[in-house]
Amino acid sequence: MTFDIAAVLFQDGVANGAVYVLLATVLVLVFTVTRIVFVPQGDLIAFSALTLAAFEAGHTPGTVWILALGAALALILAGGKAAGERNLAGLASAALWFGAVPAAIVLTALFLVPKEAPLLWKMAVTCALITCLGPILYRLVFEPIAAASPLVLLIAAVAAHFGLSSIGLHVFGAEGVRTPGFAGPPLVVGDLVVTRQTVGVIASSLVLVGLLSLFFRRSLSGKALLAAAHNRRGAELIGVSATAAGRTAFIVAGLIGAISGILIGPMTTLYYDSGFILGLKGFVGAIVGALAIYPLAALGALLVGLVEAFASFWASAYRDVIVFTLITPVLFWRSLASPHVEEEAE
Numbered sequence: 001m002t003f004d005i006a007a008v009l010f011q012d013g014v015a016n017g018a019v020y021v022l023l024a025t026v027l028v029l030v031f032t033v034t035r036i037v038f039v040p041q042g043d044l045i046a047f048s049a050l051t052l053a054a055f056e057a058g059h060t061p062g063t064v065w066i067l068a069l070g071a072a073l074a075l076i077l078a079g080g081k082a083a084g085e086r087n088l089a090g091l092a093s094a095a096l097w098f099g100a101v102p103a104a105i106v107l108t109a110l111f112l113v114p115k116e117a118p119l120l121w122k123m124a125v126t127c128a129l130i131t132c133l134g135p136i137l138y139r140l141v142f143e144p145i146a147a148a149s150p151l152v153l154l155i156a157a158v159a160a161h162f163g164l165s166s167i168g169l170h171v172f173g174a175e176g177v178r179t180p181g182f183a184g185p186p187l188v189v190g191d192l193v194v195t196r197q198t199v200g201v202i203a204s205s206l207v208l209v210g211l212l213s214l215f216f217r218r219s220l221s222g223k224a225l226l227a228a229a230h231n232r233r234g235a236e237l238i239g240v241s242a243t244a245a246g247r248t249a250f251i252v253a254g255l256i257g258a259i260s261g262i263l264i265g266p267m268t269t270l271y272y273d274s275g276f277i278l279g280l281k282g283f284v285g286a287i288v289g290a291l292a293i294y295p296l297a298a299l300g301a302l303l304v305g306l307v308e309a310f311a312s313f314w315a316s317a318y319r320d321v322i323v324f325t326l327i328t329p330v331l332f333w334r335s336l337a338s339p340h341v342e343e344e345a346e
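One point on numbering: in full-length UniProt numbering, the residue at position 73 of the sequence shown is 73, and numbering is uninterrupted.
Bear in mind the hints are in silico, worked out from the structure with no lab data behind them.
Just so it is clear, the structure is predicted and the values come from calculations on it, not from any experiment.
Treat the hints with care, as some may be off.
[Unchecked claim] Label pairs and their computed distance ranges (CB to CB):
1) Pro118 with Ala148: 42 to 48 Å
2) Ala72 with Val189: 50 to 56 Å
3) Ile277 with Arg233: 18 to 24 Å
4) Phe162 with Leu237: 32 to 38 Å
5) Ala72 with Trp333: 33 to 39 Å
6) His170 with Ala203: 32 to 38 Å
7) Ala174 with Ala92: 40 to 46 Å
8) Thr269 with Leu77: 32 to 38 Å
9) Gly234 with Ala92: 48 to 54 Å
10) Ala92 with Pro180: 35 to 41 Å
11) Leu151 with Ala117: 44 to 50 Å
12) Ala7 with Gly239: 50 to 56 Å
[As the list claims (entries may be wrong)] In silico EDC-like pairs for lysine to aspartate or glutamate, Cα to Cα no more than 16 Å straight-line:
13) Lys115 with Glu175
14) Lys81 with Asp4
15) Lys223 with Glu236
Beta carbons: idealized from backbone N, C-alpha and C, even for Gly.
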């Protein structure tokens, strides 16, 4: 392997790893707040790229109909519950978050995104569509069983993934897509040539991580979310709503999933079912952080990107196998380092 080849592989690894950092961070956030291993996070990434590709082709993306149907079902469930309890505030909240907001986004996607529209506008509408899917998915699938065991929540997450994959095949088709990326001449640093796409992905990931940090440290909603992540029951005792925290976590998950799809779409061909592999790679990074420690999860995700890039050169047929093997020593070490606690008999 020459230095030039190693430099190119390192660039690809860091660029992919930057996206996996976002994915791992969201998986850790959602798990610590809701105890849900959010398997469908990868599906949101794939749907984001497929949605943008449909806008670029001048078609109405299937995401519009997924959002419209999901919002209608969520509005019926949330509105019916609030009406039964005669909770006017809850009814108004349901009408806003599952009625007015999704309707505005759907109408925008249907009538205000022509084929000749600027790429940034198409990206913005794509982000709005996918972000809105996050809390709707939480309301339909996870909120009714929020108090269930982590195993039941994991089964529900896997079921949601297969449901989204089936819907994705129906509305998007089986063809893969690549979306437009950061255009422009490459940057030359000494003997190293760095593509605009690599710079754009890394910069975007750093900005998003910084914004998330500011959100958690400066905003009231972010602090409430962190409180729920550190101690769910303690947060409830001081008035932090577990339902609101879960919904906020899924809004963040939807937003990061949308942006991640836009970032990774130009670097690899994505299909309706590509989300599962993407989600697993982010999950490997999250496992390094024990699904609780953000810096370790970020480092683990970056390691996944680098290993994937170099494995594609040395043994491309076994690239994914090598990446997923990373989880074995981590789990073995944690099984030795963590104390074993006997389960109480019921």
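We went through each hint and held it up to the structure:
no. : hint                           : verdict
1   : Pro118 with Ala148: 42 to 48 Å : holds, 45 Å
2   : Ala72 with Val189: 50 to 56 Å  : holds, 52 Å
3   : Ile277 with Arg233: 18 to 24 Å : violated, 35 Å
4   : Phe162 with Leu237: 32 to 38 Å : holds, 37 Å
5   : Ala72 with Trp333: 33 to 39 Å  : violated, 47 Å
6   : His170 with Ala203: 32 to 38 Å : holds, 36 Å
7   : Ala174 with Ala92: 40 to 46 Å  : holds, 42 Å
8   : Thr269 with Leu77: 32 to 38 Å  : holds, 36 Å
9   : Gly234 with Ala92: 48 to 54 Å  : violated, 29 Å
10  : Ala92 with Pro180: 35 to 41 Å  : holds, 40 Å
11  : Leu151 with Ala117: 44 to 50 Å : holds, 45 Å
12  : Ala7 with Gly239: 50 to 56 Å   : holds, 53 Å
13  : Lys115 with Glu175             : violated, 20 Å
14  : Lys81 with Asp4                : violated, 61 Å
15  : Lys223 with Glu236             : holds, 13 Å
When the structure is compared with the earlier hints, violations turn up for hints 3, 5, 9, 13, 14 and for no others.
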